[in-house]
Amino acid sequence: MPESPAAQSAYDVLGVSPTSTEDELRRAYRLRLRETHPDTGGSATQFQAVQVAWSRIGTAADRAIYDAGSGNRFDRSGGETGAGRGSGSGGGAGSGMGSRASGASQGTPSTLKARSFGHPGGDERVHYLTLMREWVGRGVELKDPYDPALVRSAPREIRRWLAKAIAEEETARIVSTMGIGFTVWNNVLVGRTGENIDHVVLGPAGLFAIASHDWGSEVRLSKSELVGDDIADDEEPLRNLGQSSRMLSKSLGVKFTALVVVVPDEDLAVGYAQVERGRIAGAVVVRRSVLPQLLRNGVSGVVPGGRGGPERASVDRIFELRSRLQDSIRFV
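Per our numbering, the sequence shown starts with residue 2, numbered consecutively.
These are computed hints drawn from the structure, not numbers from a lab. From the three backbone atoms N, C-alpha and C, an ideal C-beta is built for every residue, glycine too. Any given hint might turn out to be false.
Label pairs and their calculated CB-CB ranges [what the hints assert, rightly or not]:
1. Asn-241 <-> Arg-134: 22 to 32 Å
2. Gly-43 <-> Arg-139: 17 to 27 Å
3. Glu-321 <-> Pro-39: 53 to 63 Å
4. Ala-45 <-> Glu-158: 23 to 33 Å
5. Gly-279 <-> Ala-62: 50 to 60 Å
6. Pro-305 <-> Val-255: 23 to 33 Å
7. Glu-158 <-> Arg-193: 23 to 33 Å
8. Asp-235 <-> Asp-24: 33 to 43 Å
Throw the hints in and build the complete structure from the sequences for me.
Pasting the structure below:
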């Protein structure tokens with residue numbers, strides 16, 4: 002499958018520049034083998050990553066294929082195939098051709114798509130393009146900001162914005178396939194703070210506040226928060242979602258059934274994990290392929306005995322909530 006834009010490139014793993022010579026590459030490879038070997042204080046995972054990186058760029062031919070970005074294509078439309086900002090549509094959101102492990106097939110396709118509002122990943126695409134233009138340099142023509150070779154050569158801080166955009170687009174696309182009983186608002190503005198919630202989803206099982214992420218590596222739940230090698234120490238995705246959802250809940254006069262963080266399937270060792278205590282108790286992190294089941298059946302339909310059980314709302318209640326949200330929600 003295509004790798005995430007946020008993932009370490011082969012050059013990152015070996016600790017060299019994409020412009021390094023063959024000799025520099027070989028020296029870096031030997032050094033990283035010694036540093037990451039389990040017998041010298043490294044780990045099997047790191048050691049394997051170095052070997053994989055070398056297999057991709059160790060020869061001139063392999064390096065040329067890798068640098069050309071073979072196997073990776075990033076959506077140049079920015080997900081414009083979906084619903085536009087603030088307009089109702091049955092079209093859903095574009096997935097991004099570089100997205101990973103959608104798991105959308107787990108949902109039941111419907112000829113009548115979910116209602117979709119806002120522009121998933123739109124703000125993140127703007128950030129990505131702005132930073133990419135600054136990095137390339139003023140006065141330099143940026144013919145294709147999504148060229149795979151260019152994306153790979155960019156600093157990881159820039160690539161993460163693209164990965165985040167694609168993650169949001171993929172979640173919105175999955176929700177759009179779930180049928181007319183669902184409504185999704187994307188990139189929802191939270192008060193005057195400038196913060197946002199990636200997706201607010203309303204369906205028969207309740208009202209969900211959802212954040213979509215892709216850090217390009219494995220994450221796990223630890224002490225009520227997500228942690229991982231590529232999650233910064235000051236980054237608190239679950240707590241931030243909890244804070245934003247409380248503010249939005251208060252301003253809209255609604256209560257969220259559950260808080261959900263969605264990550265690519267390969268980045269979570271288990272299908273789901275739930276926060277058991279604290280202010281955000283009941284919040285869950287799930288693989289992308291688990292999302293349709295959670296939205297249809299509630300958290301307890303995914304987490305046995307978990308908090309946030311099914312609150313099957315009546316049709317009248319859903320219509321009432323939808324009208325209130327549609328009148329009150331604002332977009333980034």
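Hint by hint, here is what the structure shows:
| no. | hint | verdict |
| --- | --- | --- |
| 1 | Asn-241 <-> Arg-134: 22 to 32 Å | holds, 28 Å |
| 2 | Gly-43 <-> Arg-139: 17 to 27 Å | violated, 42 Å |
| 3 | Glu-321 <-> Pro-39: 53 to 63 Å | holds, 59 Å |
| 4 | Ala-45 <-> Glu-158: 23 to 33 Å | holds, 28 Å |
| 5 | Gly-279 <-> Ala-62: 50 to 60 Å | holds, 53 Å |
| 6 | Pro-305 <-> Val-255: 23 to 33 Å | holds, 27 Å |
| 7 | Glu-158 <-> Arg-193: 23 to 33 Å | holds, 27 Å |
| 8 | Asp-235 <-> Asp-24: 33 to 43 Å | holds, 39 Å |
In terms of the numbered hints stated before, the structure departs from hint 2 and from no other.
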